[in-house]
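Make a model of the complete structure from these sequences and hints.
Top to bottom, those sequences are chains A and B.
So in numbering that gives the first Met the number 0, spot 15 of the first sequence is number 14, and the numbers just go up one at a time.
So in numbering that gives the first Met the number 0, spot 176 of the second sequence is number 175, and the numbers just go up one at a time.
Any given hint could be a false lead.
Stated by the list, open to error - Here are the simulated SDA-like pairs of lysine to any residue, each with C-alpha atoms no more than 25 Å apart in a straight line:
#1 B:Lys-79 <-> B:Gly-135
#2 B:Lys-76 <-> A:Pro-57
#3 B:Lys-111 <-> A:Thr-144
#4 B:Lys-84 <-> A:Phe-38
To be verified - Beta-carbon label-pair distances, calculated as ranges:
#5 A:Thr-144 <-> B:Glu-71: 18 to 24 Å
#6 B:Gln-70 <-> A:Arg-150: 25 to 31 Å
#7 B:Gly-26 <-> A:Val-61: 36 to 42 Å
#8 B:Arg-25 <-> A:Val-45: 27 to 33 Å
#9 A:Gly-125 <-> B:Lys-187: 39 to 45 Å
#10 B:Lys-187 <-> A:Arg-150: 55 to 61 Å
#11 A:Arg-228 <-> B:Asp-30: 38 to 44 Å
#12 B:Ser-43 <-> A:Ala-64: 38 to 44 Å
#13 A:Arg-73 <-> B:Asp-30: 52 to 58 Å
#14 B:Lys-79 <-> A:Val-61: 52 to 58 Å
#15 B:Leu-113 <-> A:Ala-64: 47 to 53 Å
#16 A:Pro-89 <-> B:Gln-70: 56 to 62 Å
In case anyone wonders, no lab produced these hints; they're calculated from the structure.
C-beta atoms are modelled at their ideal positions from N, C-alpha and C, and glycine is treated no differently.
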Amino acid sequence: MGQAVAQEAVAQRSIATMLLDWTPTLLGGFGFNVLISIFAMAIGTVMGVGLGVLQVSPIRPVRQAAWVVTQFFRNSPWLVLLFYCILLIPFQVEVFGVKIRFPGWIKAVIGLSLPVMAYMSENMRGAILSIPTVQWESAESLGFTRAQTMRDIILPQTVKRVLPSWMNLYAVLTMATPLVSIVGVSDVMALTRAALSAESRVDLLIQMYLYVLFLFFIYCYPVSLLTRRLERQFSVNN
Amino acid sequence: MTWTPDQPIVSIKDVHKSFGKVEVLRGITLDVMKGEVVCIIGPSGSGKSTLIRCINALNDIQAGSIKVEGQEVHDAKLDKLALRKKVGMVFQQYNLFPHKTGLQNVMMAPIKVLGQDRVTVEARARDLIRKVRLEGKEDAYPGELSGGQQQRVAIAPSLAMNPDIMLFDEVTAALDPETVKEVLVTIKDLAAEGMTCILVTHEMGFAREIADCIYFTDRVIVEGGPPATFFDQASDPRTREFLSQIL
Numbered sequence: 000m001g002q003a004v005a006q007e008a009v010a011q012r013s014i015a016t017m018l019l020d021w022t023p024t025l026l027g028g029f030g031f032n033v034l035i036s037i038f039a040m041a042i043g044t045v046m047g048v049g050l051g052v053l054q055v056s057p058i059r060p061v062r063q064a065a066w067v068v069t070q071f072f073r074n075s076p077w078l079v080l081l082f083y084c085i086l087l088i089p090f091q092v093e094v095f096g097v098k099i100r101f102p103g104w105i106k107a108v109i110g111l112s113l114p115v116m117a118y119m120s121e122n123m124r125g126a127i128l129s130i131p132t133v134q135w136e137s138a139e140s141l142g143f144t145r146a147q148t149m150r151d152i153i154l155p156q157t158v159k160r161v162l163p164s165w166m167n168l169y170a171v172l173t174m175a176t177p178l179v180s181i182v183g184v185s186d187v188m189a190l191t192r193a194a195l196s197a198e199s200r201v202d203l204l205i206q207m208y209l210y211v212l213f214l215f216f217i218y219c220y221p222v223s224l225l226t227r228r229l230e231r232q233f234s235v236n237n
Numbered sequence: 000m001t002w003t004p005d006q007p008i009v010s011i012k013d014v015h016k017s018f019g020k021v022e023v024l025r026g027i028t029l030d031v032m033k034g035e036v037v038c039i040i041g042p043s044g045s046g047k048s049t050l051i052r053c054i055n056a057l058n059d060i061q062a063g064s065i066k067v068e069g070q071e072v073h074d075a076k077l078d079k080l081a082l083r084k085k086v087g088m089v090f091q092q093y094n095l096f097p098h099k100t101g102l103q104n105v106m107m108a109p110i111k112v113l114g115q116d117r118v119t120v121e122a123r124a125r126d127l128i129r130k131v132r133l134e135g136k137e138d139a140y141p142g143e144l145s146g147g148q149q150q151r152v153a154i155a156p157s158l159a160m161n162p163d164i165m166l167f168d169e170v171t172a173a174l175d176p177e178t179v180k181e182v183l184v185t186i187k188d189l190a191a192e193g194m195t196c197i198l199v200t201h202e203m204g205f206a207r208e209i210a211d212c213i214y215f216t217d218r219v220i221v222e223g224g225p226p227a228t229f230f231d232q233a234s235d236p237r238t239r240e241f242l243s244q245i246l
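Dropping the structure here:
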């Protein structure tokens, strides 16, 4: 019986060592998740702001088209969008003799940026509409054009209003990045699976996935803390 | 035909305006001479705000004519920028851009709209802040100012455009009673300098004091005249009833 306990102690220790051994690999993979999330967020934000502005366009067909695009991508499963981008975007395109390659992870970035764009578009629309109409009229009375008003007066005011939901969206996006492992990108999830099959140790399974969860938690939780603080701060200021 | 200062600076003729099926202006005719101070009073929903919004083309009209310095406002080919340079407007609230300081608010339009030089604009903006008696508050954001101070600053951006006419749309209606006066004093200063002012207001004492002419509207101009005769000898029963409720 003493022998059994000793054996188990060896097994326990070796789980910790195994986790430690795999940590550089897993962290590398997690870094890739972070990278994908940052790129997807950046692209999605820029496109989302543009689409949100189009959603309040005075030109009806523009407004409607922007609304349709927004609703379509907002109501599509992220994984399906990912598959779509992986299959639809060619491996490389040639523009004026220059070959641009699209490796899997870039396609994944594009795929994830689409729902970000749609959520951002909707947030922007709400933020723009929440600015009192008198601001528009006041600017108009001072001779500002619509475009100038949007750029110099309305959009700067929306920053505060969308910032908390923007950060929240970022946390959600980061937590969705393991989806890219399904479409063949070597993120933390794919590497974890590789590590587990290399070790082929059943008792490592739960520990290692817990470890991955923990990685996401320590990255995302500060974001959500900061979001809560900003929300409180802005609600006091307004 | 060019406009000369002996003609009305604002000439409104038989203006009709509807929102959907509701006709809020039913043939308004009104002339304002240069340097005149005109107050428009009337019950809520009588179209008085709509009327002054039409003067700087924030609202369009269905029929009639509005001329500012001889230029027809009710015209699809209207040069809106030229009109807005001539006509300044202050609203009930939210005039100022909250993400800019008082001084920046005053400087924004001359720089971005007129393309004027920042240094000269800043000097003029500081003068205007002094004029509305808020020196020392140049770097305060609107949120840091009281309601009355905000409305006083709010007059300055329009003045920075060097307008010939100022429109005031119930600028004291959202203020605490004790801060109303400081805003009215600022407007009085402006009127005393000879600025043409058209005000929609509920401040009867103020209207009596500064107006050259008061008009009572109820979708049409019911009657109008200089304050002395208007308040004491109102002939129309609608005017009398309104005045008896408010005075």
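Just tell me: holds or violated, for the beta carbon distance of A:Gly-125 and B:Lys-187 against 39 to 45 Å? About 42 Å separates the Cβ atoms of A:Gly-125 and B:Lys-187, which means 39 to 45 Å holds.
Please test the hint of 52 to 58 Å on the beta carbon pair from B:Lys-79 and A:Val-61. This hint is violated: roughly 21 Å between Cβ atoms.
Do A:Arg-73 and B:Asp-30 keep their Cβ atoms within the hinted range of 52 to 58 Å? holds (55 Å)
Just tell me: holds or violated, for the beta carbon distance of B:Ser-43 and A:Ala-64 against 38 to 44 Å? holds (40 Å)
C-beta pair B:Leu-113, A:Ala-64: status relative to the range 47 to 53 Å that was hinted: For B:Leu-113 and A:Ala-64 the Cβ distance comes to about 35 Å; the hint is violated.
Can you confirm whether the C-alpha distance between B:Lys-79 and B:Gly-135 stays at or below 25 Å? The given pair, whose Cα atoms are some 34 Å apart, is violated under the 25 Å limit.
Beta-carbon spacing of B:Gln-70 to A:Arg-150 - inside the hinted bounds 25 to 31 Å or not: holds (29 Å)
A range of 55 to 61 Å was offered for this pair. Does it hold for the Cβ distance of B:Lys-187 and A:Arg-150? violated (37 Å)
Can the restraint linking B:Lys-76 and A:Pro-57 be considered satisfied, given a maximum Cα separation of 25 Å? Holds - the C-alpha atoms of A:Pro-57 and B:Lys-76 are around 19 Å apart, at most 25 Å.
Indicate whether the distance between the beta carbons of A:Pro-89 and B:Gln-70 respects the range 56 to 62 Å. holds (58 Å)
Is 18 to 24 Å a correct range for the gap between the Cβ atoms of A:Thr-144 and B:Glu-71? holds (21 Å)
Is the straight-line distance between the alpha-carbon of B:Lys-84 and that of A:Phe-38 25 Å or less? violated (45 Å)
In this structure, the earlier hints numbered 1, 4, 8, 10, 11, 14, 15 are contradicted, and the remaining ones agree with it.
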